[in-house]
Amino acid sequence: MVDDLTKKTLSNIPLLKTKAGPRDQNEWVNRLKEEYKALIAYVENNKENDNDWFRLESNKDGTRWFGKCWYIKDLRKYEFKVEFDIPITFPATAPEIALPELDGKTAKMYRGGKICLTDHFKPLWARNVPKFGIAHAMALGLGPWLAVEIPDLIDKGLVKHKDEKES
Amino acid sequence: MADVWKEIERLQANLQRTQHSSTKQKLSERNCIEILMKLQEMNLLDVMHSSDGKEYLTPKQLTREIKDELYMHGGRVNMVELQQALNVDYSHIEAKCNDLVKSDRKLQIIYGQIIERSYLDRLAEELNDNLQSCGQLTIAEVSKTYDLPGEFLIPELMARLGSIIQGQMDKHRKDSIYTEAYVASHKARIRGLLSAVTRPTTFQTLSSQDLPLQLLFSIVEELIKEGRIRGQVVGGRSEKSTFLPNIHTETQNHWIDNFFAQNNYLEYDAVYRLGITDAKSYLKRRLEPSKTKPLFLKTVCVGWSLIDQVVASIEEALSNGEWTDISVLLPSSFSSEDSNQLLHHIQRERLKQTGSVPGVIFADTIIASQSFVDSCLKHFDGMIKGKADKDAKKASVFALTEEERKEYSGQTAVLSKKADKKDERRKKAFEGSGSIKRSGDGGSGIGGREVKTKGKDKKRTKWKKEQEMQEDKPSRNQQHQQEETSFMDIDEITDVLRDRHNDCPEAFLEELGAKLHRPLTAAYQSAVKSVFLLSAQQMKEKQKALTKKADEFDSLDRSSYKSRRQLEEEINAMWSKTRLFMEALNFFEGEVSGVLQKHLLATVCTDITNSLFMLTANEFLSGVEIDKEINAEVRIKLLSRFPNNVKPSLTRLNNSLVGRIIDEFQTALTDATSRDVCDVMLKSGDKKRDRQVSHSHKMSHLQQLREESNPALVLHIATLVIFQSVTGTMLNAPGKVVPNIINRLQSFLDREVFLNLISYQELVLKHLTLFNNDGDKVEIGEVEQKLNENLDEIKQLATTTKKKQAN
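Protein sequences, first through last, are from chains A and B.
Each residue of the first sequence is one higher than the one before, counting from 1 in my numbering.
Each residue of the second sequence is one higher than the one before, counting from 1 in my numbering.
Calculated directly from the structure, the hints in this document are not laboratory data.
Just so you know, not all the hints are guaranteed correct.
Claimed, not checked - Incomplete in silico selection of chain A near chain B, CB under 7 Å:
hint, residue
1, LEU10
2, ILE40
3, GLU44
4, TRP53
5, ARG55
6, LEU75
7, ILE97
8, MET109
Bear in mind that the values here come from a model prediction, so they are computed numbers and not experimental data.
All C-beta atoms in this analysis are idealised placements derived from N, C-alpha and C, irrespective of residue type, glycine included.
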């Protein structure tokens, strides 16, 4: 299940109300607003807890999102690009977050760098439609995935710090 | 729609801004503590944390806080309170406070409290207020009210005395502070009190008002020192001590002096009643230095004039051969113990002076001169004689012996070391018997043995009766029993004395009686002895005249009373004599020897045999009446009834008596007394004892000689004595061999002595022949006269003659 810390984090993210996808013209705007608000709250919360781990922005319509996320291990910051689209069936379907740089480096990833989320994520999301939004996907999907996969990848030498890459 | 998108843009921007805003740097609490500890470890930072761990303080802050708290608490604060108020560990506070006290002279720590000087000043002011209103404050009270130790308070208060505190401290005990006014008022009161007091007053009563004892003492002492009041304090500084006004002591002393001067004695009790506890030592102090030098007895002291008075009357009484009771002379307050003490003292003093008449102390207070006691003894002379005569008629020497034996065995029960003496005495007693028998033989020559046995039994019966009587009187003790058998008991003596001196106190008479008892008993015994000795012959006749019926009467009990031991002793005593007699036989030969041997056999040896028979009869023939006068016939009768194991030996012994040879008897006796026959231990001769036996034998002869007036008997005894003197052996001889003995003595004696004896012997013979042949009466008279004239000479010879000089 989701660990306590994650749960706590989740509780700090405001839940969404509007059930609307990018195809729903007006409603989507409201939904997008809520998404932003949730994200802002989440980021603020992270900053407050010295737990800032990603940057995210969207296109104008809010259908495509991109940015970067990082993980700190052994006093080193490993940064990765992150991107995803809002699926048509959003919010019934969770967005598929992808880390293109890590494509092919780990088994827990689909083609194109989409991360394999845990078995719990999907039912959890499904239960919480439309309350969960992008912020939740980040907190419940990418966050735990990074925490599990990155140290493993670093140990295996599949991921290297950018300083090392240069050298 | 546009504004909606605008809003989204705004939100986008917002998100960007948020994301780009700097992340708050955050340290967990754990990290912070670790960092601080690290810093402290490195001595880079000096802080202390509060006890709940939420705050850190610098030492400077702590100091400030402590000072603030101190101020807040008015200059005095408990460190524990500080700890609670400042929420800092106690050890920090304590250390800090110690530092503070060191650096700041105004501060000090007492019992975990920091106290500022200003606080003490304020306290002193407060105390002063109190003091002015109450007049007195005890340190204990102050200490209790302010919860400060006295040791701390006293110096602090002392320092402020006179400045902040208007008053003075008790100089001796330093436990209270007074105002001058307070002291002055009490002083005045005490002055008044003690000036008025005329009898001893305890300080307890004085201090019953709110005046503290210690102050009271200092005030009283001061007053005494000033001479304002006259008196002294007795008993140190305690509640029990007493103020003795001089006027009281003076009166006391005055009374004591007066009383003593007037009466010449003083009871300690009277002094004690005056309130002087240790009367005796007080009196010693008081009276000793004076000229009178009194004598201190148990409960009174006596002055010399009174003593002199007593001494004078004692002297007077004693020199008159009287007695005096000093209790009459002394005041009634003298206890008998005192009187006794005084009397003994006087007695001692008198003994120091030579030429004073000796006195005897009786019944504590009575002193009697020795001559008075002697005179009392004289009262009994007649009674002793009368009683002795009476007893002697009934009693025999063996009775006496028995009695003595009883007495001595009584003594030996207590003092076993006297055993030897006892033996000696018993032996002497037997010798006495021997000598009596001899005199009997010398006189009439018959019945000696019978007398002895008969008398013995009679006496024993009498003794037994008395014994029974005494048993009826349970109060009589053993001593009494024995004494009573001798003469009179103490009560009787006292009764007699009371008749004579009816003015004497009872106690005196009783003690006098007790004192006289022993000499009287001794006198009585010797009287009995002498009476008996003198009247031996008479007695014999009388006793012979006593009917045999009486004997038979007694004999029922009698045989069993003579114990085996007694008999053995008798046998032994007689045997030792016999042995000594046998030695003398060596000086004679032929017929004379035969005669002597026969005589021995007929006398002592027969006695031995009789005793032996009696012993055997007691042992084997219970219930057999043994006729006291055992003669040959009786012996044979007894023999026939004796068991077979003793029969032959005893028969032989009996037969040897008829023979003429003493040796036969000796062997027969040894045989008969041997273990398997009669089992009588015959003691072998022991030189020392033999000497005693022979000496006493001689002495008894000499005694007899002195009392004898029959010329023939005198000659007989004298001869025997002389024989013993010159040859050193005892002789037992019948009268008829006297001439032979004298002849035998010729060679041992000075011629003169010998001739004297011869001539006297001739006179005796002549007298006898004349008398027997009914000769001329005139001639007989002449011879008798001559005999009587020479009687003393012969007696003299007997005592003085010694072995002839070697020349």
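Each hint tested on the structure:
Taking 7 Å as the C-beta cut-off, the interface hint given for A/LEU10 is violated, the closest approach to chain B being about 19 Å. For A/ILE40, the shortest C-beta to C-beta distance to chain B is roughly 5 Å, which falls under 7 Å, so the interface hint holds. Given hint, A/GLU44 at the interface with chain B, holds; its Cβ is 6 Å from that chain's nearest Cβ, closer than 7 Å. Evaluation of the A/TRP53 hint against chain B yields a violated restraint, the C-beta minimum of about 10 Å exceeding 7 Å.
Satisfaction of the interface hint for A/ARG55 is found here, the shortest Cβ-Cβ separation to chain B being roughly 5 Å, below the 7 Å cut-off. Contact between A/LEU75 and chain B, as hinted, is not supported at the beta carbon level, the nearest pair being about 15 Å apart and thus beyond 7 Å. Taking 7 Å as the C-beta contact cut-off toward chain B, the hint placing A/ILE97 at the interface is violated, the least distance being around 17 Å. Given hint, A/MET109 at the interface with chain B, is violated; its Cβ is 25 Å from that chain's nearest Cβ, farther than 7 Å.
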